[in-house]
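Participant: Note that the protein sequences, when read in sequence, are chains A and B.
So in the numbering used here, spot 45 of the first sequence is number 895, and the numbers just go up one at a time.
So in the numbering used here, spot 310 of the second sequence is number 315, and the numbers just go up one at a time.
Mixed in with the good hints there might be a few duds.
Which bits of chain B does chain A cover? Going by a derived footprint, with three or more residues having C-beta under 8 Å, they are [said to hold, decoys possible]:
1. 358-372
2. 482-490
Computed list of lysine-lysine pairs in DSSO-like fashion (alpha-carbon distance at most 30 Å, straight line) [claimed, not checked]:
3. B:459 - B:40
4. A:859 - B:99
5. B:409 - B:270
6. B:429 - A:860
7. B:118 - A:924
8. B:255 - B:118
9. B:262 - A:860
10. B:459 - B:262
11. B:15 - B:475
12. B:475 - B:303
13. B:118 - A:921
14. B:286 - B:118
15. B:349 - A:860
16. A:868 - B:99
17. B:301 - B:390
18. A:868 - B:390
19. B:475 - B:118
20. B:99 - A:860
21. B:270 - A:859
22. B:351 - A:868
23. B:401 - B:297
24. B:349 - A:859
25. B:292 - B:40
Since the hints were derived computationally from the structure, they do not count as laboratory data.
Ideal Cβ positions, reconstructed from N, Cα and C, are used throughout, including at glycine.
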Amino acid sequence: MPLSTQEVKKIAQLARIKLTSEEEARHAETISAVLDYMNILNEVDTSGVEPTFQVTGLEDVTRIDEPRDCKITKELMAQMPEVENAELVVPGVFAGTEEE
Amino acid sequence: MSKLNELTIKEAQEGLRSKKFTAVELTQACLDRIKERNKDINAFITVCEESALEEARIADGLLNSGQDAPLTGIPFSVKDAICTAGVRSTGSAKILDNYIPPFDATVIGKIRKQGGVLLGKNNCDAFGHGASNENSMYGPVRNPYDLSKVAGGSSGGSAAAVADNMSIFSIAEDTGGSIRQPASFCGMAGFRPTYGRNSRFGIMPMASSLDTVGPITKTVYDSALIMQQIAGADSLDATTIVDSAPDYLKNFEQDLKGMRVGIPKEYFSALGGPASGGEFKLDDEVKEITAKQIDKLKELGCTIEEISLPHTKYAIAVYYILVPSEDSSNLGRLDGIRYGSRQKGKDLYDLYATSRAEGFPEEVKRRILIGTYALSAGYYDAYYKKAQTVRTLIKKDFDEAFKKVDVLITPTSPFAAFGVGEKKDDPLAMYLADVMVSPAAIAGVPALSVPSGKNAAGLPIGVQIIGSRKNEEAIFRVGNKIEIRG
Chain A
851 MPLSTQEVKK IAQLARIKLT SEEEARHAET ISAVLDYMNI LNEVDTSGVE
901 PTFQVTGLED VTRIDEPRDC KITKELMAQM PEVENAELVV PGVFAGTEEE
Chain B
6 MSKLNELTIK EAQEGLRSKK FTAVELTQAC LDRIKERNKD INAFITVCEE
56 SALEEARIAD GLLNSGQDAP LTGIPFSVKD AICTAGVRST GSAKILDNYI
106 PPFDATVIGK IRKQGGVLLG KNNCDAFGHG ASNENSMYGP VRNPYDLSKV
156 AGGSSGGSAA AVADNMSIFS IAEDTGGSIR QPASFCGMAG FRPTYGRNSR
206 FGIMPMASSL DTVGPITKTV YDSALIMQQI AGADSLDATT IVDSAPDYLK
256 NFEQDLKGMR VGIPKEYFSA LGGPASGGEF KLDDEVKEIT AKQIDKLKEL
306 GCTIEEISLP HTKYAIAVYY ILVPSEDSSN LGRLDGIRYG SRQKGKDLYD
356 LYATSRAEGF PEEVKRRILI GTYALSAGYY DAYYKKAQTV RTLIKKDFDE
406 AFKKVDVLIT PTSPFAAFGV GEKKDDPLAM YLADVMVSPA AIAGVPALSV
456 PSGKNAAGLP IGVQIIGSRK NEEAIFRVGN KIEIRG
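Only chain B is shown next, with the shape it has when bound in the complex:
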């Protein structure tokens, strides 16, 4: 058997129930791995050694008395932009360096109530702003497969922690690719649910009309298993979907005969647009690996059809108007007044401006500035309203596509993990890294990044499966049949 910290959720569940090991032993194995590796990878900002072992002891009690739930005794970690009661949650920004939320995010509460063991908080780009995890005020996260490469972002710490067996799974947040892209860079399964499927209550809001919460796991099965536990309406989030979530495991193993798979041609041609550095080609190895996965689907009895999503190339421009606009509004709450760190100021204005200057990294400031500009009188129609209108067209592209096919398959990222520092000084190049993950987010449809093997340099490559709104089961079924672990 593998080392305990290397187990999947499913394997850990079986081991705990058959008494092969205890939750304390499983938790200790993860904590030992964190101690050994976190100094190199920097996937954790906060490690809860004592409370994790205490929670594991309680979980062992529940398991021994037959009061266990599916996630009892499973050690997990949480992106630091998601609130955890009693455990410091910084959002990777110094303005919340000492912030201890008095409540759990709804999804985290669901897991902890079952006896899930919280190992600690994962590093991320501050408030989710980034595609490389280099915009954290706690240092970049390194890719476990090659420490000179980024782990992806914004949930880089979550993906790296699970990939490096420090954590059995992580709960993260995906606004425009923040779960899927790092999962792809680190060889993990990363799932963005339909907008509204999981409660957003207790996540630090970035762009409220796009934010979603989902899992990063070692297998597609584990992602479905987590969704089974965290999905559903919440009175604390009025945008949650009211009809009950499906049974994600019921048809999980069903074969794919007759499944209609669409290949959006725009994802395989040059994307990005006319601006300097804006246009780049899909990496050959990524293209090849994606093509192999498509061949596999053909062998499994799927029908393959080329389709068109004509507004794909406008997605990044739409995304980087909408997100900074909503960001600038949401982050107004961080002003040093009611919580978080407060700097001295000679008057109220000075207190606000200094607290925010000291507490935010450069990219957070940039996004607030772009958003403030885009929403200001005279520019609202040209930027924000225009973007929301093009959003309608992007959403319509998906609606039309899903009349013809059940799922779409694309690369998750045009390239494998890039070098630490490579794009850091070019915000536009970094924004364009989201080119294949942001369209689904804009349309609010679910998508999964499936581990699909490695390139010649040994870096993981992910393939993305996009489904229609609320049809998450089809995505899991397809992902299950094509995932390539390790």
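In isolation and in its complexed conformation, chain A is listed as follows:
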């Protein structure tokens, strides 16, 4: 089933990636070919087969969830794109609306 540029546009919006119209067309074409190839999996009878989400055999690895001292606060802050009064500056969450 080919993917339309309209669908690519929708997925890109969900994934928060701005695409040019050339990119939309190219992704529609190349992703359609990839999805078409994936149809090979329909040959496989998987009735009664459980999915494998991980291969370790480990189960429920837990640790105590408690705060620990951060010894690299300064270095972490240095990586922030914009800082004011030792706080990360971000745009207002409710300031704009999503593009359609």
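Use these hints to put chain B onto chain A, whose structure you have.
Facilitator: Frame of chain A, contents of chain B only:
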């Protein structure tokens, strides 16, 4: 004696301990080679000249005072998708162009604590997405054996740096072949450990259920030696194997009498599937070289048995559903908010979408889009869940095979290094280049690409040895006996 930068880890260790040369001299030899060759090969994104020489001086001090560990004074490089404290780590994508991690990945920390000398960061396909190292935003890596060919991917810079004697070894990452395939294209040993054997903490995550960290080295011995130093459980990675790692060097030289070797027949017939351009044959020279290695194993006393891994042809489809799905989720963290480059936007949405548009190359965008699609409501069962179910069958194929044999032997890649630009515009053809390396990754079993000689054009060919889960020692023992250097 060879030039210092041409030494293996083992040779360099011996030279440093017998005072034939110093760590500073060894490091300088590598830095000189980088200066001479990197402009043509592009294996390094960042070179740490000053800090490397400083680390080498410290290493010389440790060596002189008898406080040395196995990797003290050995110069090495690291795939740029692995975090190195204080040293820029871009993942080969512009969104992290100025990113300086405040911490080391666990495996890197282990090497640096011993006094390993960090030369710099190796180019790779951005975030590990690729099989040719052409998806880097810092330019493609060229194959040292023929500059018109690719070095392989995604860890092409790591393989090329070691092959061209710019670095003594490199630490890289293998999700579906990213260590083994470039190692094979560049004539190096490349080892993917059992999933969970080495900590994943501090590597830029691609597909968390498949990612592994391992070495690219000049010899199989060196790979075993590095594993000895970096393997083991880590409280910062809950998926690490809790039982202690074996002594990889203890039985390394043991002969192979009675070793049971399986030949999976599917790897020697046409693979790939029905889609256009999807089916291709194993290259004749690759087939011949692999057959010679199998003959050698016979002479060494191994029993050879043909076996079947019936779901092999579905591996690429499974892999390229699972990986983009996990990718799309993992890469959500790169949004220009807390670190990395932030583009201006008229609102929050615009800031995210523009930062990601500017910061990711085309293939990263493609994978995020495929993953977002495969995980979306209505398609989850058809793609992601179906792939995870076929994954069970692929894993079962390996489980059954390892009831009969100790290791499997296959080509690493169906062909030798291809031309720069040859597959770049055909993502599906590029995905299919992983056809022989992705099945082991899906099953989580360890595998090694062993240098096995060259084709008529002078390009290296690798042969892959796959072992059962946690049985990495058997792989090293076999690899040691059949590797062909140079």
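Participant: Residue 868 of chain A and residue 99 of chain B: Cα distance at most 30 Å?
Facilitator: holds, 16 Å
Participant: Between residue 349 of chain B and residue 860 of chain A, does the CA-CA distance stay at or below 30 Å?
Facilitator: holds, 22 Å
Participant: Hey, residue 15 of chain B versus residue 475 of chain B, does the alpha-carbon distance stay inside 30 Å?
Facilitator: holds, 24 Å
Participant: Holds or violated: residue 401 of chain B and residue 297 of chain B, Cα atoms, limit 30 Å.
Facilitator: holds, 29 Å
Participant: Given the hint that residue 859 of chain A pairs with residue 99 of chain B, does the C-alpha gap stay at or below 30 Å?
Facilitator: Roughly 23 Å between the alpha carbons, so the hint for residue 859 of chain A and residue 99 of chain B holds.
Participant: Within 30 Å, alpha carbon to alpha carbon, are residue 255 of chain B and residue 118 of chain B?
Facilitator: holds, 24 Å
Participant: Does the structure keep residue 475 of chain B and residue 303 of chain B at a Cα separation of 30 Å or less?
Facilitator: holds, 24 Å
Participant: Keeping to a limit of 30 Å between CA atoms, is the pair of residue 292 of chain B and residue 40 of chain B held or broken?
Facilitator: Answer violated: residue 292 of chain B to residue 40 of chain B is near 37 Å, above 30 Å.
Participant: With the threshold set at 30 Å, check whether the alpha-carbon distance from residue 99 of chain B to residue 860 of chain A stays at or below it.
Facilitator: holds, 24 Å
Participant: State whether the coverage of the region 482-490 of chain B by chain A holds or is violated, taking the criterion as 3 or more residues with Cβ-Cβ distances under 8 Å.
Facilitator: violated (count 0)
Participant: Assess, step by step, whether the Cα of residue 868 of chain A is no farther than 30 Å from the Cα of residue 390 of chain B, and give holds or violated.
Facilitator: holds, 28 Å
Participant: Quick one, are residue 475 of chain B and residue 118 of chain B close enough, alpha carbons at most 30 Å?
Facilitator: Given that 30 Å is the threshold and the Cα spacing comes to 26 Å, the pair holds.
In this structure, the earlier hints numbered 2, 9, 14, 17, 21 and 25 are contradicted, and the remaining ones agree with it.
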